[in-house]
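J.: Next come the chains, spelled out residue by residue.
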Amino acid sequence: MNNNETKNSIRDQILNRIKAGKLKMKPKVYFVLKNIIFVAAVVALSMLIVYLISFIVFSLDKNGAWLLTRLGLGGLLSLIVSLPWLLILIILLSMFLIELLIKNLKFAYHRPLIYSILGVMVLFLALGFFTHLTPLHKGLSCLCAEHKVPIASFLYDSYKEMDFPDFYRGEILEIDEEEAQLQKLNGEVVRLQITSDSYGSDQEKLQRGDKIMLIGKKKNSVINIANFEKDNDCGCGACNQFPKNLK
Amino acid sequence: MQNNQTDEEIVRLVQAGDIESFSFLIERYEAKIKRYARKFLSGTEDIEDIVQEIFIKVYSNIQSVDTDRKFSSWLYRIAHNEFINLLRKKEKTPLLFFDPDTLFPHPIANENADSNTINEETKTNINKCLEKIPSKYREPIVLYYLEEMNYKEISDIMHVPVSTVGIRLKRGREMLELICNKLNINHE
Numbered sequence: 001m002n003n004n005e006t007k008n009s010i011r012d013q014i015l016n017r018i019k020a021g022k023l024k025m026k027p028k029v030y031f032v033l034k035n036i037i038f039v040a041a042v043v044a045l046s047m048l049i050v051y052l053i054s055f056i057v058f059s060l061d062k063n064g065a066w067l068l069t070r071l072g073l074g075g076l077l078s079l080i081v082s083l084p085w086l087l088i089l090i091i092l093l094s095m096f097l098i099e100l101l102i103k104n105l106k107f108a109y110h111r112p113l114i115y116s117i118l119g120v121m122v123l124f125l126a127l128g129f130f131t132h133l134t135p136l137h138k139g140l141s142c143l144c145a146e147h148k149v150p151i152a153s154f155l156y157d158s159y160k161e162m163d164f165p166d167f168y169r170g171e172i173l174e175i176d177e178e179e180a181q182l183q184k185l186n187g188e189v190v191r192l193q194i195t196s197d198s199y200g201s202d203q204e205k206l207q208r209g210d211k212i213m214l215i216g217k218k219k220n221s222v223i224n225i226a227n228f229e230k231d232n233d234c235g236c237g238a239c240n241q242f243p244k245n246l247k
Numbered sequence: 001m002q003n004n005q006t007d008e009e010i011v012r013l014v015q016a017g018d019i020e021s022f023s024f025l026i027e028r029y030e031a032k033i034k035r036y037a038r039k040f041l042s043g044t045e046d047i048e049d050i051v052q053e054i055f056i057k058v059y060s061n062i063q064s065v066d067t068d069r070k071f072s073s074w075l076y077r078i079a080h081n082e083f084i085n086l087l088r089k090k091e092k093t094p095l096l097f098f099d100p101d102t103l104f105p106h107p108i109a110n111e112n113a114d115s116n117t118i119n120e121e122t123k124t125n126i127n128k129c130l131e132k133i134p135s136k137y138r139e140p141i142v143l144y145y146l147e148e149m150n151y152k153e154i155s156d157i158m159h160v161p162v163s164t165v166g167i168r169l170k171r172g173r174e175m176l177e178l179i180c181n182k183l184n185i186n187h188e
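Heads up: the sequence lines are chains A and B, in that order. For the first sequence, our numbering assigns the number 1 to the initial residue and increments by one for each residue that follows. For the second sequence, our numbering assigns the number 1 to the initial residue and increments by one for each residue that follows.
Derived from the structure by calculation, the hints contain no laboratory data. C-beta atoms are modelled at their ideal positions from N, C-alpha and C, and glycine is treated no differently. Be aware that a few hints might be false.
What the hints assert, rightly or not - Calculated from the model, a selection of chain B residues having no Cβ within reach of chain A, i.e. all distances over 12 Å: (1) ASN4; (2) ASP49; (3) GLN63; (4) LEU87; (5) ARG88; (6) ASN181.
Unchecked claim - Listing some non-contacts, in silico: residues in chain A with all C-beta distances to chain B over 12 Å: (7) LEU15; (8) MET25; (9) MET47; (10) THR69; (11) VAL81; (12) PRO84; (13) LEU89; (14) ARG111; (15) ILE172.
Unchecked claim - Below, a list of computed lysine-lysine pairs in the DSS-like style, where the Cα atoms sit at most 25 Å apart: (16) LYS70(B) with LYS32(B); (17) LYS184(A) with LYS230(A); (18) LYS138(A) with LYS22(A); (19) LYS103(A) with LYS128(B); (20) LYS103(A) with LYS89(B); (21) LYS32(B) with LYS182(B); (22) LYS170(B) with LYS106(A); (23) LYS103(A) with LYS132(B); (24) LYS136(B) with LYS103(A); (25) LYS26(A) with LYS57(B); (26) LYS170(B) with LYS136(B); (27) LYS106(A) with LYS182(B); (28) LYS136(B) with LYS106(A); (29) LYS170(B) with LYS24(A); (30) LYS103(A) with LYS170(B); (31) LYS70(B) with LYS34(A); (32) LYS138(A) with LYS34(A).
When you get a sec, could you build the whole thing from the sequences and use the hints?
T.: And the structure:
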């Protein structure tokens, strides 16, 4: 078979198959649907990532976890250990899936992958942080507290009481110059020691009835306050954790 | 008549149902795709079947072609995917989601206009050593030196960064030089 014959052979074979109806072109609608599914998958994954990042920031905020960073390296390590790693793993997995989906798009493959990976991470972290500033999670946690959102309730219930070492939360029952009594969320009353090193983020003085989050080392059943923050956000969600008699 | 038309104009006709026009696309690209296949898949016997399979895929997916873009890049991309799948089966190489070459920038890998001007003798010599180098370096060499494409076109076919095309060409050239020297073939 010479070159011309093979050339004609491929062309003729394909044309014959087309004419016989054995080879059909996929309709345009197939590709339109494929693109819609692709965009929907990217949007859904993006929304999941932004939601989870903002939820993590929200739950750390609500649980006063940022106070731990003021305990130095030890506090920072406690914070890292206490992070919701399962959610972080889901976020990383979703980012990986997004990277897989977009890696065949021109803007992604024309540049080294590290740029699109970093771009995706920075974009989602920023979006997640800004979403945390919206009333989304507060509203959802209110609905969950009223058992109106059954699936999300699991998420909000699991992470609303994160357990950090040397971290306490409750209401001041009694207070004088050097000591205070704090009723924790579980009703237990603990003694607090206030020293010149104890200070709050807003430099405010503690008063009876204040709801606070604090960090401090416990020594001989007395907690030496290292840092505290007033738990002013008494909407639903976080405040629902307080025993009813404290509200 | 249609031979004077651009690829994209012919594609538009095929998309509109003019089946006969598809034969012009086959005629225009069959020899090129065969050459690409022979160089990239050196040692593979059934080039005819592979090329036929590529044109079958081209026809069945032709409605997805954006005629505002270059048809040849799209066609070569389909051929590239077909070849990569065949090589994966043949060489039983694991599927890599991210090639380390594509991860970081390679600042030294810029395109040099002079480097693609090679004579016929060098082309012949490249051909002799080409099959000895790994496929990931072989492909950019085939596309750059033998198909005379630029970095951006190769980047669009292989879906790798432009700088990765450059670094693979550089490494491929070094490998070729080494192998050609061993075989006593004048590479430059």
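J.: Taking the earlier hints as the rules, which of them does this structure contradict?
T.: Going through the list in order, the structure violates hints 2, 3, 7, 8, 14, 18, 19, 21, 23, 27, 29 and 32 and respects the others.
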